[in-house]
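Take the given structure of chain A and dock chain B to it, following the hints.
As they're listed, the protein sequences go chains A and B. In terms of our numbering, the first sequence opens at residue 885 and continues consecutively. In terms of our numbering, the second sequence opens at residue 885 and continues consecutively.
These are computed hints drawn from the structure, not numbers from a lab. Mixed in with the good hints, there may be bad ones.
[Said to hold, decoys possible] List time: in silico BS3-like cross-link candidates among lysine-lysine, alpha-carbon distance up to 25 Å:
(1) A:Lys1267 x A:Lys1467
(2) A:Lys1082 x A:Lys1058
(3) B:Lys1404 x A:Lys1029
(4) B:Lys1015 x A:Lys1015
(5) B:Lys1475 x A:Lys1015
(6) B:Lys1069 x A:Lys1029
(7) B:Lys1409 x A:Lys1069
(8) A:Lys1069 x B:Lys1511
(9) A:Lys1082 x A:Lys1029
(10) A:Lys1475 x B:Lys1404
(11) A:Lys1467 x B:Lys1069
(12) B:Lys1475 x A:Lys1475
(13) B:Lys1467 x A:Lys1029
(14) A:Lys1267 x A:Lys939
(15) B:Lys1015 x A:Lys1404
(16) A:Lys1069 x B:Lys1404
(17) A:Lys954 x A:Lys939
(18) A:Lys1467 x B:Lys1029
[Stated by the list, open to error] One side of the interface only, derived from the structure: several residues of chain A facing chain B at Cβ under 10 Å:
(19) Gly926
(20) Cys928
(21) Leu1014
(22) Asn1017
(23) Asp1020
(24) Asn1022
(25) Ala1027
(26) Leu1042
(27) Lys1069
(28) Ile1186
(29) Ala1199
(30) Ala1200
(31) Ser1229
(32) Glu1246
(33) Val1247
[What the hints assert, rightly or not] From the derived model, a few chain B residues whose C-beta atoms are all more than 10 Å from chain A:
(34) Cys928
(35) Gly967
(36) Asp1019
(37) Ala1027
(38) Leu1042
(39) Glu1067
(40) Ser1228
For every residue, glycine included, the Cβ atom is placed at its ideal position computed from N, Cα and C.
There are 2 protein chains.
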Amino acid sequence: MGTHIIVFYPEGKCAEAQAGETLLSVAHGLGVALDSACGGQGACGKCKVIPRLGKVDAEKSPLLSPDEEKEGYILACQARVTGDAVVEVPVESQRGRLQILVRGEHGLETGAPEGPLAERIELEMEAPTLKDNVDDLNRLTRAIKEQRAVEASPGITLPVLQALPKVLREAGWKVDALVGEMEGKTHIFGLQPASERKPVYGLAIDVGTTTVVVQLVDLETGALVGTAAGLNDQIAFGNDVISRIIASEEQSERAAALQEKILETINRLIEELITKHELEREQIICASCAGNTVMTQFLLGIEASALRREPYVPAARHFPGVEADEVGLTIHPRGPVRVSPAVSSYVGGDIVAGTLATGMDEVEAVQALIDLGTNGEVAIGNKDWLVCASCSAGPAFEGSGIKHGMYAGPGAIERVEYDALSDEIRCRTVGEAKPRGICGSGLVDTIACLLRAGLIDRAGRIDLGRPTRRTRVVDEEPGFVLLWGEEIGREEDIFLGENDIQNLIRSKAAVYAGLSILLKRVDMKASELEQILVAGAFGNYLDAENAVTIGMLPDLPLEKIRFVGNSSVAGARMALLSAEARKRTEHIAAKMTNFDLSAESDFMEAYVAGLFLPHTDTSLFPSVMEKCAERI
Amino acid sequence: MGTHIIVFYPEGKCAEAQAGETLLSVAHGLGVALDSACGGQGACGKCKVIPRLGKVDAEKSPLLSPDEEKEGYILACQARVTGDAVVEVPVESQRGRLQILVRGEHGLETGAPEGPLAERIELEMEAPTLKDNVDDLNRLTRAIKEQRAVEASPGITLPVLQALPKVLREAGWKVDALVGEMEGKTHIFGLQPASERKPVYGLAIDVGTTTVVVQLVDLETGALVGTAAGLNDQIAFGNDVISRIIASEEQSERAAALQEKILETINRLIEELITKHELEREQIICASCAGNTVMTQFLLGIEASALRREPYVPAARHFPGVEADEVGLTIHPRGPVRVSPAVSSYVGGDIVAGTLATGMDEVEAVQALIDLGTNGEVAIGNKDWLVCASCSAGPAFEGSGIKHGMYAGPGAIERVEYDALSDEIRCRTVGEAKPRGICGSGLVDTIACLLRAGLIDRAGRIDLGRPTRRTRVVDEEPGFVLLWGEEIGREEDIFLGENDIQNLIRSKAAVYAGLSILLKRVDMKASELEQILVAGAFGNYLDAENAVTIGMLPDLPLEKIRFVGNSSVAGARMALLSAEARKRTEHIAAKMTNFDLSAESDFMEAYVAGLFLPHTDTSLFPSVMEKCAERI
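Looking at chain A on its own, in the form it has when it is part of the complex (with noise of 0.2 Å):
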């Protein structure tokens, strides 16, 4: 009595479960991919799950449609085990690994190696004499001093010394030193036989909050040798920061699990490619990270309370390297890991690492970086000079918060176009798989095609009385179908009603009035910034015309903003391949200035001022007005 058998269908995982416990809390238990964005509290409705054999004991809930519940869909989280059962997790709850995420940088290379943050150096020596008969130590050293002319002995780790004199003589004097760099010194980590000889690589990764990339990289070419993305595990403790420190803060086992999900999502992205590309775990020797302040904290187990309370205080802004045994990546275990440094609580590593990436801070243009992550922060500045700010953008981006909404994962709609003389839609989803949602590049050009064809007003209202049959009330919530389910197989529609709208509108809103906020701070106006670089996941797919149109972003000319893809992987990639690169990091995050705009009174105006389409003060958007001249 008490505990019950549970299986997960069609992952097949089972486990025992006491009676009462939530089918979610096995489920996250067991590692099974059941999707979650509220932490279990039964707001988000996306763990849904159908009982297919034996009971569960489940409550009712306002989010599931009257076609779920038809077919037996329960909430996972509003669930408790009663009995055996089998349950089984519906594709559109299963968190899938995304296709691809990064479809390449748009411009922003990384060079060969000058100084990568690990190498190998190729190393031959003559045997000791009893002229020559200084000790092995002194002797590796000096052959690596002499082969990269450096005047510095690096250190070196116990477990090399230890194995030193019987790795050098049963080489024969020839071996391959692994060494690497540890907060400005560099050390020897490795020692192998030369005739053992494998090529070495890195990885570069960004920490993100919804998604994690990891790329490998060639240490003696710089070459881009693989990606690999995915969803951030994490998500089971909910879809933002804020949600998962409170996780954590609740029970001490949630604040473990939060660092071993991090680290089980980039151990896995890991192991893909070591899988894909046949590789040995120590082949990989180094490891570059970048992500927000709180996400470096929780890959590094650093408690992460006091980042959201006032005064919004991080444990560090240079975080220490370690080895990579230490913070649990499964690579070389003595390898170096290095996290880039960020600027405050809510402007990260990953605005140093994109700052790196674009060369902004090595120009004497002025530019503006536009990260839109989960969060959004914004960067400005130019060779003397750097500002930044976060702008609470949410993750409305990223398809959180909206009904249909989803992460840029296959078969989400990435691109949409209307034409309103034939009522038509046309759609484009990621991976051109069977659509399943609408993410956030969706999302904009929907809202802009909308407001185009004058079917919603300034303030984002469906107008009911124009010529479509694709407006309609569902659930008392006016909409628009972008797709009828007999058109893609599902009881429902997909459907962006108007609270989808107005959560879009907040987002944008929030991007704008920080871009606007701190420009004012610098004193300076849109149209003299040389370039908008839009970064993140999101802007791999964002269309610059109708990101303009929603007033996102300021109406400049478009050749004036660019997508650069994930500015914070480039950015980590620099500074895995360049000694250079990672002194940059340093002293982009040294100097650039933090302002916290939600202490702000003139943001909250601005940010209120943005929640209109394209913006209250229509003056600010001459080319959207003039596109719209007849409707609005």
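Structure of chain B alone, referenced to chain A:
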């Protein structure tokens, strides 16, 4: 079949052993304190045991006396398991803990700490505000830099950073930081609330081939709080370092066991200090070690084979700083452990530490340091130059290779006076315990007495014609009875045979030759030395006049000969307490020139010339010739 139970009495340890396994191997597997000097070769006769119940398959050994045979003694290394058995380890075969090995270092004093290897820094910080919201790490290092008036920021270990936000806030911004030095850089490796403040300590450790000495030092005052000393458990694998290296080469498990044994020894002594002084392990926050090169490599787990093979190359001369946990010392796991740098394969960190302790490297006057441990090393020099040599004196001074010889443990005869008129011997034993054998200082005394009394000639041969009951032939070997069996309740007398005398003569000849040739290399006479400093556990009890009498030390005015005790541990303690001293050890190791005497013909000549008492060339020992004038 095949497995039998073996119990060792009186310790009561028991094991299941394979038929055919030697009792010595079973005993060492169990950690039974059973003596052994030859590593189980049947050559030393130290591992005597008595089977009490059951039976074992034992070979006869010529090393057992008829008395012993009658009592059922066998050698554990020559006895194999054939069935269940209870085996007694008699008192004389029990490796005991030494009662006192360091009676103070005879004036080698260390002062108050100035830049200890690690320290506790008491900090009180202002809580962060929106105006002063620097990151926690910055706030912490800022406070440390202010308090210590230094420029450079210390680094931080990951575990401290992980808990930093929580500890700072829970402690109300009043904390104690543990800051240590590693490879010349400081780093924060511990942090605790000020409310939990406790004194912190460091260890100075002399890692001797035979004896290990651990001193507990108060890091605030520099006071020596306690000392623990014991035999190196590695003795089970041989008395000298070469036998141990050979043992380690035979089986890889033995190599691992050798590392374990030295750590077990040190950790047992640490445990003793922790218990006696009622400390928590984490209160001991650093350790400074000194040992010969082989012992240092064993301690750090560095493969040692090359040390015994031409061209005798050590793995390193400067050993990297490591964390206690990494090397396996059971103190604060992250506390820095420093090992004294070495000069060559056979002049190690103990001599470097000893040189530091004597201050030879800081003064104009030229002095010699003779360290008589299990080997013998000589260093000569002043503030401008330093030379050194190992002189292969062998372990006779430690009682090894002497029939009734023993370490300077309880019951060892350490002082001997002989009154020729009454034919009476006056002895003093270590710990004033019941005499069990004779240690080095007793041997030197005895031989000097015999020489002065004319009972031996200058070649060390017993004159059986002298009027004394004490000279006699036992088992065809002439010798001298120190103590009669009935005096001390033993069947056997304590007897010094001609072979023992020859053994000691070879050792003293090596020391004298080493010093002479090293002086010759720097073109000096012994009389030009300001002082001869004699160090080593042995040195604590050595009678200077007797040492000159047998020709071990040159015939200088006795006030020029000074016993400095354990200079190795004194140097380790100085390095523990002072940054300046740590720098000095690096300078000493770097500037000391090593002479490999074993390869030089004049050393062999000098050695052979020293195989007489006091010397072939009696003109070198005028004071001795005067005292012995009437007889030799």
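Evaluated hints:
1. A:Lys1267 x A:Lys1467: holds (14 Å)
2. A:Lys1082 x A:Lys1058: Judged against 25 Å, a Cα distance of about 14 Å means the pair holds.
3. B:Lys1404 x A:Lys1029: violated (37 Å)
4. B:Lys1015 x A:Lys1015: violated (65 Å)
5. B:Lys1475 x A:Lys1015: holds (18 Å)
6. B:Lys1069 x A:Lys1029: holds (21 Å)
7. B:Lys1409 x A:Lys1069: violated (47 Å)
8. A:Lys1069 x B:Lys1511: Violated: lysine 1069 of chain A and lysine 1511 of chain B sit about 64 Å apart, past 25 Å.
9. A:Lys1082 x A:Lys1029: Since the Cα atoms of lysine 1082 of chain A and lysine 1029 of chain A sit roughly 22 Å apart, the hinted pair holds (cutoff 25 Å).
10. A:Lys1475 x B:Lys1404: With a Cα-Cα distance of about 64 Å, the restraint between lysine 1475 of chain A and lysine 1404 of chain B is violated, given a limit of 25 Å.
11. A:Lys1467 x B:Lys1069: holds (19 Å)
12. B:Lys1475 x A:Lys1475: Violated. Lysine 1475 of chain B to lysine 1475 of chain A sits at ~45 Å, over the 25 Å cutoff.
13. B:Lys1467 x A:Lys1029: At roughly 23 Å apart (the allowed maximum being 25 Å), lysine 1029 of chain A and lysine 1467 of chain B satisfy the hint.
14. A:Lys1267 x A:Lys939: violated (64 Å)
15. B:Lys1015 x A:Lys1404: holds (21 Å)
16. A:Lys1069 x B:Lys1404: Violated, at about 44 Å.
17. A:Lys954 x A:Lys939: Status holds; Cα separation ~16 Å.
18. A:Lys1467 x B:Lys1029: Holds. Lysine 1467 of chain A to lysine 1029 of chain B sits at ~23 Å (cutoff 25 Å).
19. Gly926: With a minimum Cβ separation of about 30 Å from chain B (threshold 10 Å), the hint on glycine 926 of chain A is violated.
20. Cys928: violated (29 Å)
21. Leu1014: Because about 5 Å separates leucine 1014 of chain A from the closest Cβ in chain B, which is inside the 10 Å limit, the hint holds.
22. Asn1017: holds (4 Å)
23. Asp1020: holds (5 Å)
24. Asn1022: holds (7 Å)
25. Ala1027: With Cβ-Cβ at 15 Å, over 10 Å, it is violated.
26. Leu1042: holds (5 Å)
27. Lys1069: holds (8 Å)
28. Ile1186: Holds - the Cβ of isoleucine 1186 of chain A comes within 10 Å of chain B, reaching about 5 Å at its closest.
29. Ala1199: With Cβ-Cβ at 5 Å, under 10 Å, it holds.
30. Ala1200: Since the shortest Cβ distance to chain B is 4 Å, the answer is holds.
31. Ser1229: Hint holds; serine 1229 of chain A Cβ to chain B Cβ min 8 Å, cut 10 Å.
32. Glu1246: With a minimum Cβ separation of about 26 Å from chain B (threshold 10 Å), the hint on glutamate 1246 of chain A is violated.
33. Val1247: violated (29 Å)
34. Cys928: holds (29 Å)
35. Gly967: For glycine 967 of chain B, whose nearest Cβ neighbour in chain A is about 41 Å away, the distance exceeds 10 Å, so it holds.
36. Asp1019: violated (5 Å)
37. Ala1027: Its Cβ never comes within 10 Å of chain A, the nearest being 15 Å, so this holds.
38. Leu1042: Non-interface label on leucine 1042 of chain B violated, nearest chain A Cβ at 5 Å vs cutoff 10 Å.
39. Glu1067: violated (6 Å)
40. Ser1228: At about 8 Å from chain A, serine 1228 of chain B fails to clear the 10 Å cut-off, so the statement is violated.
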